[in-house]
Amino acid sequence: MALSGIGGRLYRGETSIDFIAKKRRWYAFSGLLIMLSALALSTQGLKLGIEFKGGSVFTVKSASVNVADGQSALKSSGITTESIIQKIGADKLRLQTTDLPQTTVSAARNALATQFKVNASDIDVQTVGPSWGKEITRKAIYGLFGFLLVVMLYLAMAFEPKMAISAIVAVIHDVFITVGIYALVGFEVTPATVIGFLTILGYSLYDTVVVFDKVRENTKGITSTAKMSYSQAANLAVNQTLVRSFNTSVIALLPVASILFVGAGLLGAGTLKDLSLALFIGLATGTYSSIFIATPLLATLREREPAMQALAKRVAVRGGAPESTVDKNTAGVVTSTHTREINERGPRNQPKRKSRRR
Amino acid sequence: MSANISKATKKPAKAGRSIAALLVVFIAFAALAIFQGDTKLKLGLDLRGGTSVTLAPKVAAGAKVDKAAVDQAVAIIRQRVNSLGVAESEVSSQSNGDIIVSVPGNSSSRVVDLVGATAQLRFRQVLAVGAGNAATAATSSATTTTTSKSGTKVSTPASASFPSGVNAQLDTAFKNLDCTVAANRQGGAIDDPAAPLISCSRDGASKYILAPAEVEGNQVAKASAVLDNTNGNGWTVLLSFNGVGTNAFGKLTSRVTSLGSPQNQAAIVLDGLVVSAPRINEAINSGSAQITGNFTQTDATDLANKLKYGALPLALTVQEINQISPTLGADQLHAGLLAGLIGLILVVLYSLMYYRGLGLVSVGSLIVAGSITYLSFLLLGKWIGFTLTLAGIAGAIVSIGITADSFIVYFERLRDEVRDGRSLRTAVETGWQRARRTILVADFVSLIAAALLYFFAVGGVRGFAFTLGLTTFVDLIVVFFFTKPFVTVLSRMAFYAQGRPLSGLSAHSLGVVTIVGKDDL
Numbered sequence: 001m002a003l004s005g006i007g008g009r010l011y012r013g014e015t016s017i018d019f020i021a022k023k024r025r026w027y028a029f030s031g032l033l034i035m036l037s038a039l040a041l042s043t044q045g046l047k048l049g050i051e052f053k054g055g056s057v058f059t060v061k062s063a064s065v066n067v068a069d070g071q072s073a074l075k076s077s078g079i080t081t082e083s084i085i086q087k088i089g090a091d092k093l094r095l096q097t098t099d100l101p102q103t104t105v106s107a108a109r110n111a112l113a114t115q116f117k118v119n120a121s122d123i124d125v126q127t128v129g130p131s132w133g134k135e136i137t138r139k140a141i142y143g144l145f146g147f148l149l150v151v152m153l154y155l156a157m158a159f160e161p162k163m164a165i166s167a168i169v170a171v172i173h174d175v176f177i178t179v180g181i182y183a184l185v186g187f188e189v190t191p192a193t194v195i196g197f198l199t200i201l202g203y204s205l206y207d208t209v210v211v212f213d214k215v216r217e218n219t220k221g222i223t224s225t226a227k228m229s230y231s232q233a234a235n236l237a238v239n240q241t242l243v244r245s246f247n248t249s250v251i252a253l254l255p256v257a258s259i260l261f262v263g264a265g266l267l268g269a270g271t272l273k274d275l276s277l278a279l280f281i282g283l284a285t286g287t288y289s290s291i292f293i294a295t296p297l298l299a300t301l302r303e304r305e306p307a308m309q310a311l312a313k314r315v316a317v318r319g320g321a322p323e324s325t326v327d328k329n330t331a332g333v334v335t336s337t338h339t340r341e342i343n344e345r346g347p348r349n350q351p352k353r354k355s356r357r358r
Numbered sequence: 359m360s361a362n363i364s365k366a367t368k369k370p371a372k373a374g375r376s377i378a379a380l381l382v383v384f385i386a387f388a389a390l391a392i393f394q395g396d397t398k399l400k401l402g403l404d405l406r407g408g409t410s411v412t413l414a415p416k417v418a419a420g421a422k423v424d425k426a427a428v429d430q431a432v433a434i435i436r437q438r439v440n441s442l443g444v445a446e447s448e449v450s451s452q453s454n455g456d457i458i459v460s461v462p463g464n465s466s467s468r469v470v471d472l473v474g475a476t477a478q479l480r481f482r483q484v485l486a487v488g489a490g491n492a493a494t495a496a497t498s499s500a501t502t503t504t505t506s507k508s509g510t511k512v513s514t515p516a517s518a519s520f521p522s523g524v525n526a527q528l529d530t531a532f533k534n535l536d537c538t539v540a541a542n543r544q545g546g547a548i549d550d551p552a553a554p555l556i557s558c559s560r561d562g563a564s565k566y567i568l569a570p571a572e573v574e575g576n577q578v579a580k581a582s583a584v585l586d587n588t589n590g591n592g593w594t595v596l597l598s599f600n601g602v603g604t605n606a607f608g609k610l611t612s613r614v615t616s617l618g619s620p621q622n623q624a625a626i627v628l629d630g631l632v633v634s635a636p637r638i639n640e641a642i643n644s645g646s647a648q649i650t651g652n653f654t655q656t657d658a659t660d661l662a663n664k665l666k667y668g669a670l671p672l673a674l675t676v677q678e679i680n681q682i683s684p685t686l687g688a689d690q691l692h693a694g695l696l697a698g699l700i701g702l703i704l705v706v707l708y709s710l711m712y713y714r715g716l717g718l719v720s721v722g723s724l725i726v727a728g729s730i731t732y733l734s735f736l737l738l739g740k741w742i743g744f745t746l747t748l749a750g751i752a753g754a755i756v757s758i759g760i761t762a763d764s765f766i767v768y769f770e771r772l773r774d775e776v777r778d779g780r781s782l783r784t785a786v787e788t789g790w791q792r793a794r795r796t797i798l799v800a801d802f803v804s805l806i807a808a809a810l811l812y813f814f815a816v817g818g819v820r821g822f823a824f825t826l827g828l829t830t831f832v833d834l835i836v837v838f839f840f841t842k843p844f845v846t847v848l849s850r851m852a853f854y855a856q857g858r859p860l861s862g863l864s865a866h867s868l869g870v871v872t873i874v875g876k877d878d879l
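So the sequences go chain by chain: A and B.
Start counting the first sequence at 1; every next residue gets the next number (our numbering).
Start counting the second sequence at 359; every next residue gets the next number (our numbering).
It should be emphasised that the hints constitute simulated quantities derived from the structure, not laboratory data.
Errors might be hidden in some of the hints.
Heads up, simulated DSS-like pairs for lysine-lysine below, C-alpha to C-alpha not over 27 Å straight-line [what the hints assert, rightly or not]:
hint, chain 1, residue 1, chain 2, residue 2
1, B, LYS422, A, LYS134
2, A, LYS139, A, LYS23
3, B, LYS422, A, LYS53
4, A, LYS134, B, LYS416
5, A, LYS139, B, LYS425
6, A, LYS53, B, LYS609
7, B, LYS422, A, LYS139
With the sequences and hints as input, model every part of the structure.
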């Protein structure tokens, strides 16, 4: 309730969070995160799943599973290299081995079947050759660059080149930080994770696009009015779309969280968990960056233009910052050419019903 | 897509019409789906259990993968997989030359053994030969002379007794084998090198009883197609054996060359089927041999390739094997559906809590979007063989967020317009004009992402990109043809138009402020 009331105040600029003026703070914060990510990546590196280095994963479902028996079954089939054995839920055992010849994999499957008294064909096996990961990595990198290029061109056409640059910087920022978190925490990276990373690109941009659309609307014909500088107009746009950004992020995170919960809780490691974990982290950073990085960066870029600098000067001379306008409630933030004299008109149209309900 | 802020107000009648049109199209497609009989989703192997194997061709660094060779390999592997007799088995090649084999329901290691085996090429002495149709017995006294595809003359022996190495049991099996039936020419199933083999020629024209294998395919060192004009043989295949192969082949040829027809023939058996059964004219101890027999250039090249690479025209490495039991498949399906359900309920609760009456619009829109998506899955399963995988389900669940966001963008715009003092009926239109643009641009970015993900994704995760793209597209349809018209219709209702507290458009929840200082609620 309180939140929905905030929407109106944000819209008119009464409650205004100054995202843009404090941009140095956000830049510094993100810079710190990026440095941490780089550090984690260079020192710890990513923990790669078997898809990238080759190996086999066995999944046994039986009431009697336990780690020690799994260990001895693997040993009895001649596997001497180190294996990772996890118990998932009450009745599942996941055994991960290094790259093995196919005969050893079959032997291990049979040994596990005997150990836990199930049919060999009921044991799930995933075997990946060591060169598989190279292919995935290569494709992911192509996908990344192809995506950045196409989207940059598209945004440059649909919006303006500087918006395209800011959006792309924000996206790279998101992916980098997400990967950094993976390195830091030591989450396993699988092809599903990589796809998750790539999807973040789309999500993060989607979020930024909505904010930028409003920025563009607010800054249309801005030089002719001299009521607010580019930064102020952009800041208003961020505030106006804040409720949407928040709601969108919550609604996007809810299903992802439910996949994460179900995937990790019921199935253990696997496609669902890997994908949703990457998305969960990526969505969070994506929301952050579209508000705190993309728009301030856009403002920084645009404020360097002579026309915008001149405008900022004119606004400053007129004392035209929202704070100094006459009335706090009708807060003189005329946003753009087509947001017509709203402030005078707005209250008049709605008031009676409103007070009655209160 | 230009920001065209015209004030054209759509008539509610038009809104009703567009919902009706959507309904009609939906029913039409649903009827089509039912008519085609595809009322069940095609599930991927990870949801129903099965084995999938990804093979990659081995090529020298920088060399290109030979597309024709890959296709040939796919055909051969398909033949082997079909011998398992599992319905809906699939063998397909990717653009990069990778071959993907999927066999549903069966997670035994047999599939892996079959697919992974590269050399099932053997040389066996021919014991008896007959026309391909049933009821030709090895002991048949009538001498039928047929000309097999390779042009080798074959004939059935005239003697009434069994040829050496043939017993009554083999003869009965031989008699019952009908090589004109395609199912009997799939080969690949059982080929025990130590036992006699009853087999068809690949074209089904002849059938054979063959002695135990004497030379194995991996004992062939080299093979090439050569045009032999000096002897007037046309296209021939030259092959040479390695040390062991030379001895074995020498022994085989010196033994059979003195025998009568057809025992003087040596069959080249590939995946259990006779490729060619040339007559041995002389003992070959040199370790190299020439196979002649009216070959065309293609025939000769193919045969040489088969001899060289064993069964497959190119060397393959196993990249990934996934064996999923039907139990785990069912578990994954349930988990995916559960996650979807929880996600959907959470989204519905949140939008009802925040948007109140407008939340009903998003709930309705999500239901419509869900139905359209499900229907698309059904129809695409039929049309382009779309199968729903776990990653695909994840994509669909994630897209709930994207779909819901379109409504949020619109609702927020709508509320902004009302905050600007417009009547709801006007706001519905002006808000839409602006939201439409944002939705189009944002969804387009989403579509680009999905398309690129699809082209660059590997394996099963492609399904994720596909459903993501599909649902984004569905989102566009729903927003344009359902959500917007639905809001238009609702805006005519007093409940919404007057901004009742639960409508989500009340002055209070919009924060249209007249009562200053009470904002701290």
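| query | Going back to the hint list, which numbers does this structure go against? | reply | 2 and 6
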